[in-house]
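Engineer: Heads up: the sequence lines are chains X and P, in that order. Sequential numbering of the first sequence, starting at 1, is according to UniProt numbering. Sequential numbering of the second sequence, starting at 1, is according to UniProt numbering.
Among the hints, a few may not be true.
Derived DEER-like restraints, expressed as beta-carbon distance ranges [unchecked claim]: (1) X:275 x P:249: 41 to 49 Å; (2) X:96 x P:24: 40 to 48 Å; (3) P:279 x X:17: 38 to 46 Å; (4) P:376 x X:19: 57 to 65 Å; (5) P:191 x X:324: 43 to 51 Å; (6) X:275 x P:334: 30 to 38 Å; (7) X:274 x P:106: 14 to 22 Å; (8) P:346 x X:266: 49 to 57 Å; (9) X:17 x P:96: 34 to 42 Å; (10) P:346 x X:303: 55 to 63 Å; (11) X:283 x P:50: 24 to 32 Å; (12) P:346 x X:11: 49 to 57 Å.
Cut-off 30 Å, straight-line C-alpha distance, at most; resulting in silico cross-link-like pairs (DSSO-like, lysine-lysine) [claimed, not checked]: (13) X:63 x X:51; (14) P:395 x P:142; (15) P:409 x X:319; (16) P:409 x P:145; (17) P:395 x X:319.
Stretches of chain X that chain P covers, calculated by requiring three or more beta carbons in the stretch to come under 8 Å of a beta carbon on chain P [unchecked claim]: (18) 249 to 263; (19) 293 to 306.
I should point out that these hints are in silico values taken from the structure, not numbers from a laboratory. A virtual CB, placed ideally from N, CA and C, is assigned to each residue, including glycine.
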Amino acid sequence: MSTSEARGVVESWRALRTPLLVTGLIVLAAIVVLIATSSQTSGTFSPDSTKVDGARALSALLKNHNVDVHGTESLDDATQPGDGKTLLVGPSGYLDSADWQRIAQAEWSHVVLIRPSGEALRALAPGVQLSGDSVSSGSRQPGCSLPAAVKAGTATVSGPTYSAPEAATSCYGDGIHNTVVRLQLGDRIIDVVGTARSFTNDQLAEDGNAALALNLIGTHKDLTWYLPQFQSRGVNPGQDGPPLIPPYVRYIGWALAFAVLVVAIWRGRRLGPVVAERLPVIVHAAETTEGRARLYRRSRARDRAAAALRDSALGQLHKAHGIPRRADPSAVVATVAARTDRDPAMLYELLYGLPPLTDAALMSLSHELDVLTQEVRHP
Amino acid sequence: MALVMPSWAGIGVVVGVVLVVCLVDILLAGSPRRLQFSREGDNAVRLGEQAVVNMLVTNPGRRVRGLLRDAWPPSAGVLDPPHQLDLPSGERRRVTTHLVPTRRGDRQASRVTVRAIGPLGFAGRQGSHQVPWTVRALPPFKSRKHLPSRLARLRELDGRTALLVRGQGTEFDSLRDYVPGDDVRSIDWRATARRGNVVLRTWRPERDRQVAIVIDSGRLSAGRVGDAPRLDHAMDAALLLAALATRAGDRVSLLACDSAVRADVRRPAPQDVLPSFVNALANVEAELVQTDFRIVVSQVLERLGQRSLVVLLTGLDPAAIEESLLPVIGPLLRRHVVLLASVADPRLTELESTRGDLVEVYGAASAARTRLDRERLTATLTRAGVTVLDEPPDKIAPALADTYLSLKKAGRL
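Chain X extracted, bound-state conformation (with noise of 0.2 Å):
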């Protein structure tokens, strides 16, 4: 007779707990990687990357120096109320003029603008214009009355330069071609660093470098490191034109993940479960032999191996020759010797004789052995 076999609560519950644990933990873990990397900011002059480009030394230094930095890639975190604050704006990605005047109203106390664009500068530092020129690397003295370089002296620079209109004070360059200018602006300090490079892990070690920027950039307890993406255009809902991918595709992919999920459904229900069974061990009778052929190898047991060779070839002539199984070996090798018109002493070096020294000596004994049992198995 049958029973039925209907799964209840409990035992459907056993029976998913486990998947559901993995699935669970699966969502964990890559919700604790999202959250540990959404925090990090990548790519050129950004404080969390270690690369040659990267400014994490800067921003441990001024880490040390107690200002408490920020990394953002979000356009909003820099357009947030900034007083009595530093926005440090990198050098990458790019921005509309409609987003830099949102950052020029953010009135932050203090803007630092790393090699910025023409853009930038109309909305931040006017007056500031990029004249064109580059500069190739090398050390400079400020030549200026700007306390921040003046007390870190040389530094290296490179990269675009800019002009600055009479107010502002201008350093590392020429009077026309300059590396760093500062305007003051009312109350708002704005800092024109066309040098990108002097200030990442490769150059913030060579001469002032370090100095300069802990002077330019560490000024308030609270600084925003704003690296632009390429990507906020895009986003801004200020933006016309149509987006790239159309708005509908999103559903397309929920009825084509809800199709997915029938399908594994469908196709994922066993007709019962496996069954399972206790499969007896297989063990080659000649593994034993086999294992010890390999230890003889291993150790390069010849002297064991030549041995076993030799008492096995003995041991067919005693059959073969009728030979008493206590006779000593001079009497075995006169006896064989007189069947198979060998050199007795040569038959007593092969069969008594000491081990082989190497492995071509062995190869050698094995062979005449065997041609020597052959011989009697057919004389």
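Using the hints, position chain P against chain X.
Structural biologist: Relative to the frame of chain X, chain P by itself:
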């Protein structure tokens, strides 16, 4: 509108329709749980042959359409894919499962699972039942083919054919006239004098002797020789010997033993010998433990009164035999004739004769050492009074039968 442009509503409608269809289909499908099952068919099959197990499925509820899987362990060797089932309400169907077991022993049916698909064909229900059934895969007895020729030799021995040879321990049977070629030592001179022509005494081997077959199911029998463990070759040989000895009028008993007794058949009726032996041996597997020969000796001594033949099917492993068998075999040897049969491994011969490269030479040396050890052990056992048989798997069964016949012929039983 919702269906023209993609939207959340559209997705919702599609998902909803699919879910509703599936739900309706599940509700309309017949219930697999309410099905009733019963089995009938083969309970035992020789290894390598096909067993047929029928299952009757009764449906008291709504019509059930779908798939039925009769699940068995892999080595039960189920040949059929899942069955298509279409079972109207109140009817009964027979579902047949064909099995060709790949290993010896009991194979128990696992559960029967039925997936009933709804009338729309979209979704269904699934349920399982336990329908217990056991198919026992018996030892194959491949050496049966050797039986007829050995029975012919037995008849010769038995005096049913013309030639008779005198041996020790044989029984006086009858007197008959001398035929040229007869052994002159068998002439009964007193009867010759009385009758006037030459009269011969005839003898026949003694009957109703006991043969105890002991199969070692310990680690010595676990090693594979060819495609089966030593144990299986030993069983084959034991079955041939049992069949032959039974026909010769001897009583055969069986013991399979490692650290405990695994199979024990005592004095079955002649017609029951083979069935009871294969049944008892079906579930014996080689255990990876050292056989306790003290159990073997005490068991054999306990069941054998008169002088008998004890056949020990084990492996010729010098260390194991010298340490565990030789110290305890004394009492057995004093009272009985002991025959030790072992399956030799052709692989060793092959290893010893191939000497192509260095690796093979080391292999040959190791194989030679193994053979020498076995020969030394054989010599030790022979000195102790044990008859030793060491033959490759295809020869062990006929060799054991021949040794039995020659022992019988020599009157040593």
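Engineer: Has the given pair, residue 409 of chain P with residue 145 of chain P, been kept, meaning a C-alpha gap of at most 30 Å?
Structural biologist: Given that 30 Å is the threshold and the Cα spacing comes to 22 Å, the pair holds.
Engineer: Taking 55 to 63 Å as the hint, is the beta-carbon distance of residue 346 of chain P and residue 303 of chain X inside that range?
Structural biologist: 28 Å, violated
Engineer: A range of 49 to 57 Å was offered for this pair. Does it hold for the Cβ distance of residue 346 of chain P and residue 266 of chain X?
Structural biologist: 53 Å, holds
Engineer: Can you confirm whether the C-alpha distance between residue 409 of chain P and residue 319 of chain X stays at or below 30 Å?
Structural biologist: 28 Å, holds
Engineer: Going straight from one Cα to the other, do residue 395 of chain P and residue 319 of chain X come out at no more than 30 Å?
Structural biologist: Holds: residue 395 of chain P and residue 319 of chain X sit about 23 Å apart, inside 30 Å.
Engineer: The hint says 57 to 65 Å between residue 376 of chain P and residue 19 of chain X; measuring C-beta to C-beta, is that right?
Structural biologist: 60 Å, holds
Engineer: Could you say whether the range 34 to 42 Å given as a hint is met by the Cβ separation of residue 17 of chain X and residue 96 of chain P?
Structural biologist: With Cβ atoms ~38 Å apart, the hint holds.
Engineer: Are the Cα positions of residue 395 of chain P and residue 142 of chain P separated by 30 Å at most?
Structural biologist: Answer holds: residue 395 of chain P to residue 142 of chain P is near 12 Å, not above 30 Å.
Engineer: State, for the Cβ atoms of residue 96 of chain X and residue 24 of chain P, whether the hinted interval 40 to 48 Å holds or is violated.
Structural biologist: Violated - the Cβ-Cβ distance for residue 96 of chain X and residue 24 of chain P, about 56 Å, lies outside 40 to 48 Å.
Engineer: How does the stretch 249 to 263 of chain X fare against chain P when you require at least three residues with a CB closer than 8 Å, holds or violated?
Structural biologist: This one holds; 6 residues, not fewer than the three required, reach chain P with a Cβ under 8 Å.
Engineer: Taking the Cβ atom of residue 283 of chain X and the Cβ atom of residue 50 of chain P, is their distance within the range 24 to 32 Å?
Structural biologist: Since residue 283 of chain X and residue 50 of chain P have Cβ atoms about 30 Å apart, the given range 24 to 32 Å holds.
Engineer: For the hint 43 to 51 Å, verify it against the beta carbon of residue 191 of chain P and that of residue 324 of chain X.
Structural biologist: Holds: the Cβ-Cβ distance is about 48 Å, inside 43 to 51 Å.
In terms of the numbered hints stated before, the structure departs from hints 2, 6, 10, listed from lowest to highest.
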